[in-house]
Structure formats: C-alpha cells, structure tokens
Amino acid sequence: AQKITQTQPGMFVQEKEAVTLDCTYDTSDQSYGLFWYKQPSSGEMIFLIYQGSYDEQNATEGRYSLNFQKARKSANLVISASQLGDSAMYFCAMREGGKTSYDKVIFGPGTSLSVIP
Amino acid sequence: NAGVTQTPKFQVLKTGQSMTLQCAQDMNHEYMSWYRQDPGMGLRLIHYSVGAGITDQGEVPNGYNVSRSTTEDFPLRLLSAAPSQTSVYFCASSYTAQGNGYTFGSGTRLTVV
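Line by line, the protein sequences are chains V and B.
If you want the working numbering, it's the position in the first sequence, counting the first as 1, plus 195.
Counting along the second sequence from 1, when you hit position 34 you're at 20 in the working numbering, and nothing is skipped either side.
No false leads were mixed into what you were given.
Some residues of chain B that are not near chain V, with every Cβ distance over 10 Å (derived):
#, residue
1, G2
2, M13
3, A38
4, R54
5, S55
6, R63
7, L65
8, P69
9, S70
10, Y81
11, V98
12, V99
Derived, one-sided and incomplete: chain V residues facing chain B with beta-carbon distance under 7 Å:
#, residue
13, F242
14, F302
15, P304
16, G305
In silico contact screen, one side only, chain V against chain B (beta carbon under 10 Å); selected entries:
#, residue
17, Q234
18, E239
19, L243
20, G247
21, F286
22, A288
23, V300
24, I301
Calculated directly from the structure, the hints in this document are not laboratory data.
A virtual CB, placed ideally from N, CA and C, is assigned to each residue, including glycine.
Just chain B, with the same shape it has in the complex (with noise of 0.2 Å):
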C-alpha cells in the first residue's frame, strides 16, 4: 500500500524553467491538494481538487496549474519558474466526506536559483 507517492524528492531549477510535480495515490480518494510550505508561514494550499475533472484554486495559485484527469494522479505544473517558488512542495488526499484527514506525500524540496 504506496499511499501518497510523490516525485521528484528533490529538483534544483533555473529561472524561466517549466516543470511537472508528479503526485500519485493509490487510495481511491476522491479530494487531493497542493501545498506549499515556506518557513513561519505554515502550508498554504495552491490548488486542489474533489474528484477527477474537477480543481479549483487555492490560496496561491499564481504561477501553478494543475489537471484531475484520473482519480489516481494530480500533477502541478509551474509554468516558469521563479526563485519565490522555491518551497517544499506537499501533495495530500483523503475521502471527500468531513472528518477524514489527509495522508501526505513526502514532500517535494524545489530550488528555483
């Protein structure tokens, strides 16, 4: 039972770069999320999604695009790099239902030089 598969672990890009963020769950769980976790600012959610064909955006989606076309996968696209990127990038689902908490990826350690 994988769980919450996140990949790369680690990824060093150059400004103007793009890059996919892979996030792969093998749950069922219909509600997955983005997160980034910068220092003293706790996680901020940058899009999420209830289901397969359907995302919306969170709290810092500039720079971030994301599509659901499986239940499976949930990948974030950063469509040009910049420093202020630079982040551990989360992946996170669970059931969409109240109550259920999320099982996380082990995060993503992007530099963006």
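If we strip away everything but chain V, and leave its shape as in the complex, we get (with noise of 0.2 Å):
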C-alpha cells in the first residue's frame, strides 16, 4: 500500500506568490521523520526541511516551512515568496521504524512545481 500520497502531479504559482504542496502520510508508528526534498531540472536531490513526529512546532527553513497536522496525516509543504528557481520536482519523504527491521526512508511521487514569472 502507498505509504506518501502527493496528489498533485503538477503545480503553477505566479512568481513571489506562496504556494503550498500536499503530501499525505500512512503509518502505525508513534516516531517517524517526514521530509522534504527538492529535485530541479538538472537531477540532483536537494534536502529542504525536516519535521520530527513528535516537535510540537511547525520546521521552518528560510522561504519553507512545513505545516504538519499529525492527525490528518499531512505534511503540506509551503514555499513563500516563489522564485523562478524554485521550479523543479518536490518529494515528500518519511522515516519510520520498522517493528523487523530498521528504520527505511520511503518517497511520494512527486509534484512538478512551475513558477510562472
């Protein structure tokens, strides 16, 4: 079963507008990490922002922050003020402990952000 749910295969935000990207999560474990990772055109992955299960606040880095609602299950992540260069893949990510074996990173789908100047 999918365990990240990104159910927005692509997105456009007018340049220095905010944009938000959906990620939705499934899990049993009390501990877990979910991330953020950025992909531009040009291959490389690019971490972002982590957010702990159990941080009582919302990560911020910069122009991201995370806007974590533990039980919806979402990880939506928030770009402000968009850039042209933040037109790429954006991945959702989570961590999480197996109860056989150890803990494993799995990826959303992705969603294809296009920054329109």
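Two chains, each in its own frame: build the complex with the hints.
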C-alpha cells in the first residue's frame, strides 16, 4: 500500500506568490520523521526541511515551512515568495521504524512545480 | 569534501549481463541507501544499510544485491540485467539519527537493452 501520497502531479504559481504542496502519509509508528526534497531539472536531489513526529512546532527553513497536521497525517510544504529557481520536482519522504527491520526512508511520487514570471 | 560519489554516471547493459554500481561517501555517515527513480513513481527504495555489515531490503529489492563491508562504500550489484531495470539509480547517505536529511549522489543512468 502506498505510504506517501502527493495528489498534485503538477502545480503552477506566480512569481512572488506563496504555494502549498500537499503530502499525506500512512504509518502506524509513533516515532517517525517527514522530509521534503527538491529535484531541479539538473537531476540533483536537495534536502529542504525536516519535521519530527514529536516536534510541537512546525519546521521552518528560510522560505520553506512544513505545515504538520499529525491527526490528519499531512505534512504540506509551503514555499513563500516563489522564485523562478523554485521550478522543480518536489518529493515528500517519511522515515519510519519497522517492527522487524531498521527504519527506512520512503518517498512519494512527487509534485512538479512551475513558477510563472 | 567529495560528499557521495557514484560511478559510473551512464551505463548501457545487454540483457543478462551483470554489473556493480559504485557508491562511496567520505562523511562518515552510518546510513546509506539505494533508490531507483522512474517517471511518475518517485524514488523507490532498493536496499539500505544502517552501518558496516548491516543491510536490509527496501521496497523493490528483487534482482539486486548489496553489501557493506566498510562505512564508506555501499555497492549495488545487478545480478542479471533486465530491461525493467532501466532507470536512474541514486545512492544517498546520512547520519543515523532522526532529523538528518540525505546527501545524494549525482545518479547513474542505466539502460538495459
């Protein structure tokens, strides 16, 4: 069963506007972590932000913030003041511990963001 | 500071051939993983390791073997290449503790004909 869902295959945003990329997840673990990564057209993978399941405050890193709603199992990425360089694929990922294995990190299918001048 | 180094960057294999994708990191990271990326499917975990001598299967392990004899190296072996293994392969590493994001290699684009 898919554990990370990103329902927006493609998104458009006007430059300087804010945009929210959706991510929902499924886990039975109490301790887990949520990540967002960016993949520009060059193909490299760039770590953006992390949220722990026990963190009481939403994570922020510069223009990136993570809207964490634990009861709804959602971890949306908010990018404020979009820039042309934000055009990329964005992946949500989760790190969870398995009952019989070490913790692993799995990724969602990604959302393609295009910033319009 | 090299980070995560993957070799080769490109490879073409014939069906049935075997090969090893190399991955090395110089950051003393305990945690290393291999992913494959296919269009529309994100990154799928093949195998991962939490330290030297310890490996485990991910979501799509069939057709691949790994070993971790040192902290630095985590090679991925394709036993008998199939066209379905045509993909971009990423190696990634991090410290084990929660909260540490991955450092990714630049990827290996593999085509099996």
